[in-house]
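We have chain A already, so just place chain B on it with the hints.
There are 2 protein chains.
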Amino acid sequence: MADDIPPSSFVLEEILSQDTRTKTLVLLGTAGPDRARAILIAEKTAFAINGLAPGTAFAADALADLRLLDHNDVYRWFMATAKQDVDAAPAVKLSLICPASDTHVRKYSRQRRRMIVETPELYRTVVAPYVERMRGDRITWVYNILSHKVEVDRIVHENPDPDTGFILLPDLKWDRTTMEALYLVAIVHTHSITSMRDLNKSHLPFLRSMRAEIVGAVETKYGVSRDLLRMYVHYQPSYYHFHIHVTHIDHDMLESVAAGRAVLYDSIVAQLESMSDEHYGFANSTLSYYVGENSELWASGFSAVADHF
Amino acid sequence: MADDIPPSSFVLEEILSQDTRTKTLVLLGTAGPDRARAILIAEKTAFAINGLAPGTAFAADALADLRLLDHNDVYRWFMATAKQDVDAAPAVKLSLICPASDTHVRKYSRQRRRMIVETPELYRTVVAPYVERMRGDRITWVYNILSHKVEVDRIVHENPDPDTGFILLPDLKWDRTTMEALYLVAIVHTHSITSMRDLNKSHLPFLRSMRAEIVGAVETKYGVSRDLLRMYVHYQPSYYHFHIHVTHIDHDMLESVAAGRAVLYDSIVAQLESMSDEHYGFANSTLSYYVGENSELWASGFSAVADHF
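Chains as they are written, first to last, in numbering that gives the first Met the number 0: chain A, 0 to 308; chain B, 0 to 308.
The shape of chain A in the complex, shown without the other chains (with noise of 0.2 Å):
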């Protein structure tokens, strides 16, 4: 019986998450006559297209009142209200789960991120000890990979030198036959680099060595030249052990890419290039990126030093 729940009787406790982008909200509250724990899920719906010919007024058909906010040069900018019809043309999908279990919660829950700037005394005093525990035990899964012991059939490439080589295989996220999805990773085998942050001039050719053998390996296994590949790593990554996320320009992956999260693998080489310090390299500067509130990262220092920002 889904008569019995109805949206009306939902009656919210708080907001789990919302995107502005795709315009998506996620209600926690209570619905039914239990008053059982609910989540609501509503979009609203894309424009629909299929009667837009060619002679159509868009405007004039699909929107009801209109108001000018501003104009500047040949730049004018209304909001509108649409035409709306539940049946042939509604404004919002909704999804209702009720009972809604833990899992649930946990899943549709959106944690906040912060920005932070980490200097390299911050790193020193709470990332450095961080990575520490992340790497042993916590990433046999590349040690495996790297030693052969899974996933030796997907191997793209490799370069066995243990200081300066490198394996190249498919993200499991890709489905190896999209070429506009094309998703690989280049795990490198030293593993005296936990991240970007222990690069320095030193490596520079090592880096662009690395570059030259991926790209011609995705060249000559994909047929994907180099100006259509955005390669990338993560900093803070989700391991700590040096890789190289090698995906194609076409491919949108919202969070994977953001700035803040991602730095171009070219403008690694290029900050090294231009960097006084021969030492150093990033250990001597100062990165930004973001962090989820939820993340051991966070909830291992960065909360407590927070009025530092």
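It is worth saying that the hints were derived from the structure and are not from the lab. There could be a bad hint or two in this list.
Copies of one chain are not kept apart here, so a pair can be met inside one copy or by any two copies together.
Stated by the list, open to error - Derived DSBU-like pairs (lysine-lysine); straight-line CA-CA distance at most 30 Å:
no., residue 1, residue 2
1, K172, K200
2, K106, K82
3, K200, K148
4, K172, K82
For chain B alone, kept in the frame of chain A given last:
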């Protein structure tokens, strides 16, 4: 006169692009009494969450008609219409560009991207002449803002110093209500900086004091603290007068914040700090980014030298 070209006069010729994730539609056609070429950009609004306090009934308050689509176990799906009002609860944001230039049409048409590795030499020979052409009349609208000819009432903060001053104002894509979608732009008064390419170590005091002023103004006016702000610039920018995007960290803007387009403001400051060269700054760096194949920049020279990459 903005009223002379109402959106209702827009007649469709072609759908330039559509994004069902962001609920955005870009249409090419003609508008106004002269049937000038026009681009109409329609985007659904995000849900307003200001009035969403615990205890409120979201569906009953915000929605009108409801229709059950399907149900399965604890899941129920509905379509709905929204209660709307062009002033208090609009459904659609419209931008009308009329008359639209060839550059406008190319900018909003779907296109393949290309990664560019812009060396100092490539900047001087290909990009700098392009930047020169893009200034002057092409950015009259920027000068209109800086000289208080338009949008004066929208100014959030101004430092009037001609060399180190700037104007901070809401981007027109922001509804000025939803704090999680906060989007401001800081436009510098000086005409001497076209983009981050022109920045060098001598700009550091200016960049640091502008950051402090922006952060302070946003905190005072909107109560949004520094660690919830993502400040970045675009390279290449869409117009060649130095400006900074100031957005809420929870506002996901795929294209605008992507690595290869966006560079964190704090990263620019950190890179300048670590640079060895006192005189040239980014003029001596290699900058990597992507452009669309329809862009004037690609057409004006990169495609010809693409073999070099």
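Hint by hint, here is what the structure shows:
no., hint, in the structure
1, K172 to K200, "neither (33 Å within a copy, 42 Å between copies)"
2, K106 to K82, "between (34 Å within a copy, 29 Å between copies)"
3, K200 to K148, "neither (33 Å within a copy, 49 Å between copies)"
4, K172 to K82, "both (22 Å within a copy, 22 Å between copies)"
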